[in-house]
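Asks: As a plain string of letters, each chain reads:
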Amino acid sequence: NAGVTQTPKFQVLKTGQSMTLQCAQDMNHNSMYWYRQDPGMGLRLIYYSASEGTTDKGEVPNGYNVSRLNKREFSLRLESAAPSQTSVYFCASRRTGTGDRNTIYFGEGSWLTVV
Amino acid sequence: KQEVTQIPAALSVPEGENLVLNCSFTDSAIYNLQWFRQDPGKGLTSLLLIQSSQREQTSGRLNASLDKSSGRSTLYIAASQPGDSATYLCADGGAGGGADGLTFGKGTHLIIQP
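If you read the protein sequences in the order shown, they are chains L and V.
In terms of our numbering, the first sequence opens at residue 1 and continues consecutively.
In terms of our numbering, the second sequence opens at residue 1001 and continues consecutively.
Hints may contain errors.
Far from chain V by the CB rule (all over 10 Å, computed), these chain L residues [unchecked claim]:
#, residue
1, Val12
2, Tyr64
3, Leu69
4, Arg77
5, Ala82
6, Thr103
7, Glu108
With a straight-line Cα cutoff of 30 Å, these simulated BS3-like cross-link-like pairs (lysine-lysine) come out [as the list claims (entries may be wrong)]:
#, chain 1, residue 1, chain 2, residue 2
8, V, Lys1001, L, Lys14
9, V, Lys1106, L, Lys9
10, V, Lys1042, V, Lys1106
11, V, Lys1106, V, Lys1001
12, L, Lys71, L, Lys9
13, L, Lys57, L, Lys71
14, L, Lys57, V, Lys1001
15, L, Lys14, L, Lys57
16, V, Lys1068, L, Lys9
17, L, Lys57, V, Lys1106
18, V, Lys1068, V, Lys1106
19, L, Lys71, V, Lys1068
20, L, Lys9, L, Lys57
21, V, Lys1042, L, Lys14
22, L, Lys14, V, Lys1106
23, V, Lys1068, L, Lys14
24, V, Lys1001, V, Lys1068
25, V, Lys1042, V, Lys1001
26, V, Lys1068, L, Lys57
Hints are computed from structural coordinates only; laboratory data are not their basis.
From the three backbone atoms N, C-alpha and C, an ideal C-beta is built for every residue, glycine too.
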């Protein structure tokens, strides 16, 4: 069971370049999320998708766009990368509802450096 | 806006000790409270999930409690081992069914000395 798979794992970008982080889950989850994790700041929500066809801004959406391509896939795009976007990015998913079915699952992370 | 705080930020204890990690939250209207473990260079692994109607959950040597009235949750680790060394994070599962994202604390970095 692959769970949540995100690619690439490592990427170095020059300021102004664009790139897309890919995320896919095989657990038939409704909701998917993109977080960034920075030292001293913890995990912050960038965007989320409560269900296929919907996306919403989280706490720190500026400089990012997302696409919920289908129920399995949720991509994060940096249109014009800035050094402030150097971070570790995590994709996550969960089945919304009651009980332990609400447990969230994370990918292994994508380390992005913008120089 | 929900705020989640974890104290202490770091903790180092000898192997074998029992220990408690603390998590506090400002808004008691939580859907659930989740505890995670994060190893260096890895993603987060869910340890325990406590529904808002529950008081505690147990898994092996781990026990998590939830007191909504005081805005606190604790993670109790019994008989700590070096393999327990990691960062532990708690998160509010969000309101209204949890479709929106979790709000995380900044974590407690735990070191178990052999």
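Asks: Determine for every hint whether it applies to the structure shown.
Replies: Results of checking the hints against the structure:
{"no.": "1", "hint": "Val12", "in the structure": "holds, 17 Å"}
{"no.": "2", "hint": "Tyr64", "in the structure": "holds, 14 Å"}
{"no.": "3", "hint": "Leu69", "in the structure": "holds, 19 Å"}
{"no.": "4", "hint": "Arg77", "in the structure": "holds, 18 Å"}
{"no.": "5", "hint": "Ala82", "in the structure": "holds, 23 Å"}
{"no.": "6", "hint": "Thr103", "in the structure": "violated, 5 Å"}
{"no.": "7", "hint": "Glu108", "in the structure": "violated, 5 Å"}
{"no.": "8", "hint": "Lys1001/V / Lys14/L", "in the structure": "violated, 35 Å"}
{"no.": "9", "hint": "Lys1106/V / Lys9/L", "in the structure": "holds, 23 Å"}
{"no.": "10", "hint": "Lys1042/V / Lys1106/V", "in the structure": "holds, 16 Å"}
{"no.": "11", "hint": "Lys1106/V / Lys1001/V", "in the structure": "holds, 16 Å"}
{"no.": "12", "hint": "Lys71/L / Lys9/L", "in the structure": "holds, 22 Å"}
{"no.": "13", "hint": "Lys57/L / Lys71/L", "in the structure": "holds, 18 Å"}
{"no.": "14", "hint": "Lys57/L / Lys1001/V", "in the structure": "holds, 15 Å"}
{"no.": "15", "hint": "Lys14/L / Lys57/L", "in the structure": "holds, 25 Å"}
{"no.": "16", "hint": "Lys1068/V / Lys9/L", "in the structure": "violated, 38 Å"}
{"no.": "17", "hint": "Lys57/L / Lys1106/V", "in the structure": "holds, 21 Å"}
{"no.": "18", "hint": "Lys1068/V / Lys1106/V", "in the structure": "holds, 20 Å"}
{"no.": "19", "hint": "Lys71/L / Lys1068/V", "in the structure": "violated, 34 Å"}
{"no.": "20", "hint": "Lys9/L / Lys57/L", "in the structure": "holds, 24 Å"}
{"no.": "21", "hint": "Lys1042/V / Lys14/L", "in the structure": "holds, 25 Å"}
{"no.": "22", "hint": "Lys14/L / Lys1106/V", "in the structure": "holds, 29 Å"}
{"no.": "23", "hint": "Lys1068/V / Lys14/L", "in the structure": "violated, 46 Å"}
{"no.": "24", "hint": "Lys1001/V / Lys1068/V", "in the structure": "holds, 16 Å"}
{"no.": "25", "hint": "Lys1042/V / Lys1001/V", "in the structure": "holds, 28 Å"}
{"no.": "26", "hint": "Lys1068/V / Lys57/L", "in the structure": "holds, 28 Å"}
Of the numbered hints stated above, those contradicted by the structure are hints 6, 7, 8, 16, 19 and 23, listed in ascending order.
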